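Please model the entire structure based on the sequences and the hints provided.
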Amino acid sequence: MKTTLILTSALCSLGLAAQAQNKEVNVVSWGGAYERSQVEAYNIPFAEQTGIKVNMLAADNPATPLKAQVEAGNITGDVFDIEVSDAIRLCDEGALVEIDPAILPAAPDGTPATEDFIPGALQECAVANIFWGTVIAFDSTKFDGEKPSTAADFFDTAKFPGKRGLPKNPKRTLYLALIADGVAPDQIYEVLGTPEGVDQAFAKLDTIKGDVVWWEAGAQPVQLLADGEVVMATGYNGRFFDAMVGEGKPFEIIWDGQYMDMDMFAIPKGSPNPEAALEYLKFATATEQLANQAKYIAYGPSRKSSAALVGLFQDGKTEMAPHMPTSEEHMKTAVMDDPEFWADHSAELAERFNGWLAAN
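Those letters in the sequence shown? Residues 285 to 644, per this note's numbering, in order.
Check the hints yourself; a few may be wrong.
[Unchecked claim] Think about it this way: if two alpha-carbon atoms lie no more than 25 Å apart in a straight line, the pair counts; the simulated DSS-like pairs of lysine-lysine are:
1. Lys579 <-> Lys566
2. Lys566 <-> Lys351
3. Lys447 <-> Lys431
4. Lys601 <-> Lys533
5. Lys426 <-> Lys533
6. Lys431 <-> Lys493
FYI, nobody ran anything at the bench for these hints, they're computed from the structure.
All values reported here derive from a predicted model rather than from experimental measurement.
Structure (structure tokens):
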């Protein structure tokens, strides 16, 4: 009887293993250093533990193919890494699977996920994995003597001459113009919600319009700096960190007025591998995996319990805590993304921004 049970158990295990080997999950993310950090921290250990193959796909903004696939009724991605505002919008449109936070793993000390995730990290249809910042970086070899150190310096082309790199995106340009013009970080949305505030932001942008090189993909600002096409650029802090520490580029980061946001994992309704997708989401947003990602890129984990586990960069010598956008020092002048504000104002501000770009 015992032998039969052992044999049955072994056959079941073999069957489950074979079943797992036939499974896969398609994850759509942002490419570059960020994607590499996810492969190391999430994908490799997930595949080893479950036998489920992870296919990684890159997009300039994963929310774009997600929406296109849903509208076409031809969904090929299972898990999409998207921004909070997109997660809320797509959830409201009925495009995403609702996620019960009770199914998410607790912290190592037993704290429920609902209490362990940083406020805002759990949405109805998405779970955050990282906090990241849009920051200013400059090439230190381009400046003799005093170096730029504030958002205002980014707009001071007389004192710090040279081209600037900015995203072709109102969300991450208008706020910076207001910060540089003296608006307090906690007043940004109040000011930007008025016609006068919008005029103020565009008036400030006017002062450097002729010196701007516009970028649209996350890898571009790093490349613009490396190629010498610009002397300063805004971009994602993790990309700049990878260039500085991972590749030895002579860049420095200005944290003044960083724009903070979260990235979230979401599963579209009708995904080809829904069960594997949910298992991947649960695994990737566990405490250990979120902390492990910080070994590869300078983005802050979305769980409180992960903070104490963040240690050294993969080089074995660089302390990651000082490079985190969520560090106390870097948070002092940070502007946190407000998805509700952008849900109300994104269309009108995008129209104004595009018109401003097209004007001479």
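Going down the list of hints, with the structure as the test:
no. : hint              : in the structure
1   : Lys579 <-> Lys566 : holds (20 Å)
2   : Lys566 <-> Lys351 : holds (23 Å)
3   : Lys447 <-> Lys431 : holds (15 Å)
4   : Lys601 <-> Lys533 : holds (17 Å)
5   : Lys426 <-> Lys533 : holds (13 Å)
6   : Lys431 <-> Lys493 : holds (22 Å)
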